[in-house]
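Use these hints to put chain B onto chain A, whose structure you have.
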Amino acid sequence: AQSVAQPEDQVNVAEGNPLTVKCTYSVSGNPYLFWYVQYPNRGLQFLLKYITGDNLVKGSYGFEAEFNKSQTSFHLKKPSALVSDSALYFCAASNQAGTALIFGKGTTLSVSS
Amino acid sequence: GAVVSQHPSWVICKSGTSVKIECRSLDFQATTMFWYRQFPKQSLMLMATSNEGSKATYEQGVEKDKFLINHASLTLSTLTVTSAHPEDSSFYICSARVGHGYTFGSGTRLTVV
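Order-wise, the sequence lines are chains A and B.
For the first sequence, the numbering used here assigns the number 113 to the last residue and increments by one with no breaks.
For the second sequence, the numbering used here assigns the number 113 to the last residue and increments by one with no breaks.
Excised from the complex, chain A in its bound form (with noise of 0.2 Å):
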């Protein structure tokens, strides 16, 4: 069965230092993996995605992403934190069959000032 996992269900770091989100997943074939994040009471915001091509992927306000085939994660990671980016954030894959996206459980990033 297809999975992702986060294994933090919580992120908390200060503004301006540099924030990671963990993702691994289990996809047979070649995975589609994407990151989201979601606002109180709202849908879902693409950052980026990875379907193939360079393994260091860069999305929107200033997110990216890296893939990495032997450990079968896909981390969120941003440089400088800022407290805007406080939200919950959202890790999904599918493979190439064009089925639904699989996601994570979220993990709620928490910058403080």
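A couple of the hints might just be wrong.
[What the hints assert, rightly or not] Distance ranges between label pairs, derived from CB positions:
id, chain 1, residue 1, chain 2, residue 2, range
1, B, S83, A, N41, 22 to 28 Å
2, A, Y61, B, K55, 37 to 43 Å
3, B, S54, A, E8, 28 to 34 Å
4, B, Q42, A, A1, 14 to 20 Å
5, B, T82, A, P79, 46 to 52 Å
6, A, T72, B, S73, 27 to 33 Å
Everything labelled a hint here was simulated from the structure, so no lab data went into it.
Think of the CB as a built atom: it goes at the ideal place given N, C-alpha and C, for glycine as much as any other residue.
Chain B only, in chain A's frame:
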């Protein structure tokens, strides 16, 4: 870009009544729509996959007679929660695959009183 319009954004209904949630693809044809349910501060759980012109495929544990999904056209998919009860209160989100990515509706907050 591809946009899915989801309505209503929020709805309050009485126990025993039915509620219909609509998702319209505004500038593309959505042959497949995914329906998710999200409990507070939890992940998105796939409920069903609907394909235009055919019956929806429900995930294990999802009551197909309670959550009626219709995908009668390439631009409209609906989820009807029948005989709603307080335990059906949740955040419902639709999603369509677009190329190598996915687009999400803004979500519907359903409260059953």
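Comparing the hints with the structure gives:
Between B/S83 and A/N41 the Cβ separation comes to about 25 Å, which falls inside the hinted range of 22 to 28 Å. As the Cβ distance of A/Y61 to B/K55 is approximately 40 Å, the hint placing it in 37 to 43 Å holds. Judged by the Cβ atoms, the range 28 to 34 Å given for B/S54 and A/E8 is violated: they are separated by roughly 40 Å. Between B/Q42 and A/A1 the beta carbon distance is about 19 Å. The supplied range of 14 to 20 Å therefore holds.
A C-beta distance of roughly 49 Å is found between B/T82 and A/P79, which places it inside the suggested range of 46 to 52 Å. For A/T72 and B/S73, the hinted distance range of 27 to 33 Å is not satisfied, since their beta carbons lie about 39 Å from each other.
Figure legend: structure checked against the earlier numbered hints; hints not met, in rising order: 3, 6.
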